[in-house]
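Take these sequences, add in the hints, and give me the full structure.
First to last, the protein sequences are chains V and R. The letter at position 391 of the first sequence is residue 391 when you use UniProt numbering, and the numbering goes up by one with no holes. The letter at position 499 of the second sequence is residue 499 when you use UniProt numbering, and the numbering goes up by one with no holes.
Keep in mind that the hints were calculated from the coordinates and are not lab data. One thing to keep in mind: the hints can contain errors.
[Said to hold, decoys possible] Here chain R is said to cover these stretches of chain V; the calculated rule only asks that three of the stretch's residues, wherever they fall, bring their Cβ under 8 Å from a Cβ of chain R:
1. 25 to 36
2. 83 to 90
3. 121 to 135
Please read these numbers as outputs of a predicted model, since none were measured by experiment. Every residue gets a Cβ at the ideal spot worked out from N, C-alpha and C, and that includes glycine.
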Amino acid sequence: MKKHMILLALLMMTSAFTGCWDAIEIDQRGYVMSLGIDKYEIPPPGKSEEGNSPEEEAAVPTMAHIPEDNPRNRFSFTYVIPNVEFLVGESENPNILYNTVGENLYSASRILTTRINKQVFFGHMKVLVIGETVARDPDMLREVLDAIERDQFISRRISVAIAPDTARGVLEVEPLINPMTGQFMADLFRNKDRSPRSGGGIMGDVFEELHRWGNTVIPRVIPGEEDIKVAGSAVIKNYRLIGWLGEVETRALEIIRGTARPGGLTVKHQGKDEEHIVPIDLIYLSSEFKLDKTSDKIRVIKEVKTTGEVKQFILDPHQDLMEPQLIRELEALVCEKIKKEMKETIRKLQEEFQVDVLGVDHYLSKYHPKLWPEVEEDWDEVFPHIEINVDVETKIRRVGLTK
Amino acid sequence: MKFWKKLFGKKESKKEQQDTKPYKSLEKNLKLFKEELLKDCDDVVYREFTVGKNDAYKAAVVWIDGLVDKALINNFVMESMMIDARLVEPKPSALKDNLVDLLKNKTLAVSEIGEVDTIEDALVNVFSGETALLIDGYEKIIIVNSRGWESRGISEPETEAVIRGPRDGFTETMRFNTSLIRRRIRDHRLKVKNYRVGKRSQTDIAVMYMEDIANKKLLQELDIRLNNVDVDAILDSGQLEEFIEDKWLSLFPQIQNTERPDTAASAIFHGRVVLVVDNTPFSLIVPTTFNTLMQSAEDYYERWDIATAIRALRYFCILIALYAPALYVGITSFHPQMIPTDLALALAATRRSVPFPAIVEALIMEVTIEILREAGVRLPGAIGSTIGIVGGLVIGQAAVEAGIVGPLMVIVVAITAIASFAIPNYNLAISLRLIRFGLLFAAAAFGLYGIMLATLIILIHLCSLKSFGIPYLSPFIAFVQDASDLKDTMVRVPHIMMNKRDINAPKDEKGRLDDHQEESFDIEEGEED
Numbered sequence: 001m002k003k004h005m006i007l008l009a010l011l012m013m014t015s016a017f018t019g020c021w022d023a024i025e026i027d028q029r030g031y032v033m034s035l036g037i038d039k040y041e042i043p044p045p046g047k048s049e050e051g052n053s054p055e056e057e058a059a060v061p062t063m064a065h066i067p068e069d070n071p072r073n074r075f076s077f078t079y080v081i082p083n084v085e086f087l088v089g090e091s092e093n094p095n096i097l098y099n100t101v102g103e104n105l106y107s108a109s110r111i112l113t114t115r116i117n118k119q120v121f122f123g124h125m126k127v128l129v130i131g132e133t134v135a136r137d138p139d140m141l142r143e144v145l146d147a148i149e150r151d152q153f154i155s156r157r158i159s160v161a162i163a164p165d166t167a168r169g170v171l172e173v174e175p176l177i178n179p180m181t182g183q184f185m186a187d188l189f190r191n192k193d194r195s196p197r198s199g200g201g202i203m204g205d206v207f208e209e210l211h212r213w214g215n216t217v218i219p220r221v222i223p224g225e226e227d228i229k230v231a232g233s234a235v236i237k238n239y240r241l242i243g244w245l246g247e248v249e250t251r252a253l254e255i256i257r258g259t260a261r262p263g264g265l266t267v268k269h270q271g272k273d274e275e276h277i278v279p280i281d282l283i284y285l286s287s288e289f290k291l292d293k294t295s296d297k298i299r300v301i302k303e304v305k306t307t308g309e310v311k312q313f314i315l316d317p318h319q320d321l322m323e324p325q326l327i328r329e330l331e332a333l334v335c336e337k338i339k340k341e342m343k344e345t346i347r348k349l350q351e352e353f354q355v356d357v358l359g360v361d362h363y364l365s366k367y368h369p370k371l372w373p374e375v376e377e378d379w380d381e382v383f384p385h386i387e388i389n390v391d392v393e394t395k396i397r398r399v400g401l402t403k
Numbered sequence: 001m002k003f004w005k006k007l008f009g010k011k012e013s014k015k016e017q018q019d020t021k022p023y024k025s026l027e028k029n030l031k032l033f034k035e036e037l038l039k040d041c042d043d044v045v046y047r048e049f050t051v052g053k054n055d056a057y058k059a060a061v062v063w064i065d066g067l068v069d070k071a072l073i074n075n076f077v078m079e080s081m082m083i084d085a086r087l088v089e090p091k092p093s094a095l096k097d098n099l100v101d102l103l104k105n106k107t108l109a110v111s112e113i114g115e116v117d118t119i120e121d122a123l124v125n126v127f128s129g130e131t132a133l134l135i136d137g138y139e140k141i142i143i144v145n146s147r148g149w150e151s152r153g154i155s156e157p158e159t160e161a162v163i164r165g166p167r168d169g170f171t172e173t174m175r176f177n178t179s180l181i182r183r184r185i186r187d188h189r190l191k192v193k194n195y196r197v198g199k200r201s202q203t204d205i206a207v208m209y210m211e212d213i214a215n216k217k218l219l220q221e222l223d224i225r226l227n228n229v230d231v232d233a234i235l236d237s238g239q240l241e242e243f244i245e246d247k248w249l250s251l252f253p254q255i256q257n258t259e260r261p262d263t264a265a266s267a268i269f270h271g272r273v274v275l276v277v278d279n280t281p282f283s284l285i286v287p288t289t290f291n292t293l294m295q296s297a298e299d300y301y302e303r304w305d306i307a308t309a310i311r312a313l314r315y316f317c318i319l320i321a322l323y324a325p326a327l328y329v330g331i332t333s334f335h336p337q338m339i340p341t342d343l344a345l346a347l348a349a350t351r352r353s354v355p356f357p358a359i360v361e362a363l364i365m366e367v368t369i370e371i372l373r374e375a376g377v378r379l380p381g382a383i384g385s386t387i388g389i390v391g392g393l394v395i396g397q398a399a400v401e402a403g404i405v406g407p408l409m410v411i412v413v414a415i416t417a418i419a420s421f422a423i424p425n426y427n428l429a430i431s432l433r434l435i436r437f438g439l440l441f442a443a444a445a446f447g448l449y450g451i452m453l454a455t456l457i458i459l460i461h462l463c464s465l466k467s468f469g470i471p472y473l474s475p476f477i478a479f480v481q482d483a484s485d486l487k488d489t490m491v492r493v494p495h496i497m498m499n500k501r502d503i504n505a506p507k508d509e510k511g512r513l514d515d516h517q518e519e520s521f522d523i524e525e526g527e528e529d
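Here it is, written out as structure tokens:
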């Protein structure tokens, strides 16, 4: 009995003697809400002094030192840490930005601890913004994404976006409605159901596609004066940014991929003597691929079914939206518009980028295991030449409140 | 373990109680009482008198002042013997041999009467409130039942109050208590067996059970344990509990106590055994499982769906009472990524001015609330509520403002305290209070990992625990053969569906409802459809 007690006491004591203590109080951590990654570029001489006005310097306490030009300086990282003093109303600055240069994310984060009195903590990271320069470099993007993936604290549910210019430029914006940039951007991504104008964006999904094919789309993020816009998308082929898709193209892509609801769509209806603008909210979508086995070429048909609600017509007692004929006309218009947008996007992806981010590869490998091995090896070459047809069916079921 | 052996191992010491035969002579007996055994016992009353037409026989009664019903002694003992007995003229021969029979059967108009052979037995009876009747020339002592002391009336049980349900509670008198149970069970199979425990206190204990439903082995085991209790005094059932429970090293109570006769009766109907202990309103119920400690009498009187919701809530309260402070410490110190970002930032903002690590913060508040509770028990009622306000509101608010603790910690502590009061059994609630501190330290050392480890240790312990042969966690463990026992756990199914007795009853005595009733119930339901 006594022996056991002594043994137990010794065991307990060992836990106190390991210098490795994980306990860090919640207020001792610096929560990196968003991380921006840019390629390090030698600042043009004199620019940093002139570029930042005194107020900006105060508001954004970055650049404690001007980085030397050094082969180790490959990346420029921007950490956005929310200012907890701001939350309790004791400070004006909602965010504290730290900018540091380094060879990789890990060592840069370690170096950052020489400049802040808190532990850099990625457990609450919301958004990763990658600068275009990094995305265009095949090695750098892969390095960064791997570091993000390996980190056990960074969630798979964070949002990822690519900035056409620098990531830092995006993160420096303090949106008026919610100055916490990271939180604000994360909320924007959550709004995707309202308007699918940005593609993908969930880190885990992006990783999944990158691991499988190396191709994906990542949303584009554009900084404004006092807001940030997430719209459009970057097309990634072989772990490298090769081009951009616009907002409408992105919507078409999302409909084809079946990853988002189609959202709103506006058609112009030609009445008897005037043209009406008719916005229609498409509220349900089923989207599936079909392989046409009759042809010897690979011919894929995309079937999209949606139902919608008319949001606006024209105030006219003589025209009634209850007339089936009119509804049929509107449905045809919607189908036509979606079809056109989708065809345009497919053409762009097949001819211009020659990359399959539509999910055709996914579909074929899943449902046609006999056909797929034949084309798997050189799918990149096959894809631009396959035929993709689009079949859209729309049912307008609601016309809103009338009379 | 040594203590255990000492308690229940083979007894080496010789039996201390000696058997002293009473003398034939009354004078000698009285002398023995007055000058030896009951010397300096000034509460003992002796009354000597003569019986018979010729005052031929001397007799004496002995009782303890305050424990007896004096009117009874005056009217039915003294009067009968001194006056009425003279009216009969017994034959001398009959008198010679059967004086006692005559007295017992023809003279004393007292309902309960007995005889003992030894002085010691007589004394115990006298101390219990009986009156000893000694007759010259007779070697036995007659015991006349004359108990009648001042006692508290039956009042509402304070620790187990209900909104709907009977309001009578046990009192300090064992006989009242057994009668309260008997009133609920009008069945000849309800047995009441008396024990005396405590060498000096000679506390009465009534073991009550249903002859056919109670497990025979349990009764044997209980008999052994009760007879082996070797202690000078049992003042409350709590003391007895510790002597007869399976593992007194465990934090968990293995014997349920109750102030409610309806709870006790219900236990008896399920084949459990109730121990009514004299001088305390708390009766013991064995065997006890974790599940029974979570049941409140009201669960059976309220509608079943509401009772089910309340049961589930109570189990949830156990989780809060155990884990809330530990989780707070674990999450703030180790795993801030587990809470929503907004909350994490708000916590970081409010904890910014707190100079202590979370564990110290939690300890300060937890210890404070324990002090408040303890003080609240000691304080007289009127001041008690004041202390609650002072402690709860003022200290909490001031501590936050002084920056010693964060506001969330105050909420956590308050919720924990409230949740622990929602546990129906106080016995269990206080053990959980202690375990909570263990979990708190585990969380401070290893975070959520530590909480999981501590939980596993507790679970392992609970799994190994038994109360009088019944697994403590039944019916949650091994419920394959006793699946129907689950009907009365986190849910309380309608009474009509609780047609089986639980694990305590023998296999062939499981049925509670007769088949006829079940059938008629089915038919009624069918008609409704």
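Hint by hint, here is what the structure shows:
A stretch counts as covered by a chain when three or more of its residues have a beta carbon under 8 Å from one of that chain; for the segment 25 to 36 of chain V and chain R the count is 6, and the coverage holds. Counting residues of the segment 83 to 90 of chain V whose C-beta lies closer than 8 Å to any C-beta of chain R gives 4; at least three are required, and the coverage claim holds. A stretch counts as covered by a chain when three or more of its residues have a beta carbon under 8 Å from one of that chain; for the segment 121 to 135 of chain V and chain R the count is 4, and the coverage holds.
Violated hints are absent here; each numbered hint is respected by the structure.
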